[in-house]
Amino acid sequence: GNSVTQMEGPVTLSEEAFLTINCTYTATGYPSLFWYVQYPGEGLQLLLKATKADDKGSNKGFEATYRKETTSFHLEKGSVQVSDSAVYFCALSDRATGRRALTFGSGTRLQVQP
Amino acid sequence: DTAVSQTPKYLVTQMGNDKSIKCEQNLGHDTMYWYKQDSKKFLKIMFSYNNKELIINETVPNRFSPKSPDKAHLNLHINSLELGDSAVYFCASSQDVGGMIYEQYFGPGTRLTVT
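Protein chains in written order, with our numbering: chain A, 1 to 114; chain B, 115 to 229.
Please note: incorrect hints may appear among the correct ones.
Covered stretches of chain B, going by a simulated chain A footprint (3 or more residues, C-beta under 8 Å) [said to hold, decoys possible]:
no., stretch
1, 148-158
2, 162-175
3, 217-229
Just a few of them, taken from the derived set where beta-carbon distance is under 10 Å, the chain B residues facing chain A [unchecked claim]:
no., residue
4, GLN120
5, GLY142
6, LEU197
7, VAL202
Examples of chain B residues toward chain A, derived with CB under 7 Å [said to hold, decoys possible]:
no., residue
8, TYR124
9, MET129
10, ASP210
Just so you know, these hints were derived from the structure itself, not from any lab. Just so it is clear, the structure is predicted and the values come from calculations on it, not from any experiment. We treat Cβ as the ideally placed atom computed from N, Cα and C, and that holds for glycine.
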């Protein structure tokens with residue numbers, strides 16, 4: 001079956017530091033990949049997505065590149081802010097399984113200190 | 115306008131009670147979901163409906179019963195509540211495009227506390 005593995009948190013950084021949150025996946029077919037963000041007390045919001053190999057998704061200074069050869073979709077940001085503190089979820093959607101739902105990773109908590 | 119709304123936002127109740135959570139989406143999507151998020155933030159899908167038809171029914175106690183009266187609404191009824199049911203429950207919706215889900219839109223969550 002499909003699965004998504006994320007690095008364990010929490011990740012604690014100082015403001016303006018570089019962020020990487022690792023995400024790798026296993027999938028039957030050719031999945032679409034997503035990063036969702038959950039701010040404290042809120043639901044999940046789509047942060048960015050990529051639908052085919054070598055696509056780069058980007059939003060709000062965050063980027064992730066769909067790497068089929070390494071089955072990865074790592075999230076990066078060049079300079080984090082305190083307001084980026086949240087839980088980040090990597091997810092995939094794979095038509096090949098016939099499962100019409102996203103498969104989520106376990107989430108990575110990011111704490112940015114001033 | 116709120117895209118996916120849930121009521122109530124907080125629910126505190128005693129063991130053994132029966133409660134319902136309601137969800138509505140105004141995005142015109144044809145697929146809706148219920149997720150359970152535990153204290154470690156792990157998200158587990160419980161149910162999914164596509165055009166009012168149940169398409170995902172994960173290993174969930176049969177005390178949990180979803181109902182979709184129409185494409186825009188998905189409710190969750192829980193009988194005989196237990197301490198372990200305490201969690202945040204999220205409703206979500208998406209548009210199914212040829213069996214592929216591209217984006218899910220989440221509601222704000224219902225924090226259920228069973229005492």
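Using the nearest Cβ pair, does B:GLN120 come within less than 10 Å of chain A? Because about 9 Å separates B:GLN120 from the closest Cβ in chain A, which is inside the 10 Å limit, the hint holds.
For the stretch 148-158 of chain B, do at least 3 residues have a Cβ located nearer than 8 Å to some Cβ of chain A? holds (count 4)
Residue hint B:LEU197, partner chain A, criterion CB-CB below 10 Å: Because about 22 Å separates B:LEU197 from the closest Cβ in chain A, which is outside the 10 Å limit, the hint is violated.
Can you take a look at whether the stretch 217-229 of chain B is actually covered by chain A? Rule is 3+ residues, C-beta closer than 8 Å. With 7 residues close enough to chain A, the hint holds.
Within 8 Å of chain A's CB atoms, at least three CB atoms from the stretch 162-175 of chain B: coverage verdict: Coverage by chain A holds here, the residue count being 4 at a Cβ distance below 8 Å.
Does the CB of B:MET129 sit less than 7 Å away from some CB of chain A? Given a least distance of 25 Å, the restraint on B:MET129 is violated.
Interface hint for B:VAL202, Cβ within 10 Å of any Cβ on chain A: Hint holds; B:VAL202 Cβ to chain A Cβ min 9 Å, cut 10 Å.
With a cut-off of 7 Å, does the beta carbon of B:ASP210 approach a beta carbon of chain A closely enough for the hint to hold? Interface hint status for B:ASP210: holds (6 Å vs cutoff 7 Å).
For the restraint on B:GLY142, tell me whether the closest CB of chain A is nearer than 10 Å. violated, 17 Å
Verify the interface restraint on B:TYR124: the C-beta must sit less than 7 Å from at least one C-beta of chain A. violated, 11 Å
Of the numbered hints stated above, those contradicted by the structure are hints 5, 6, 8, 9, listed in ascending order.
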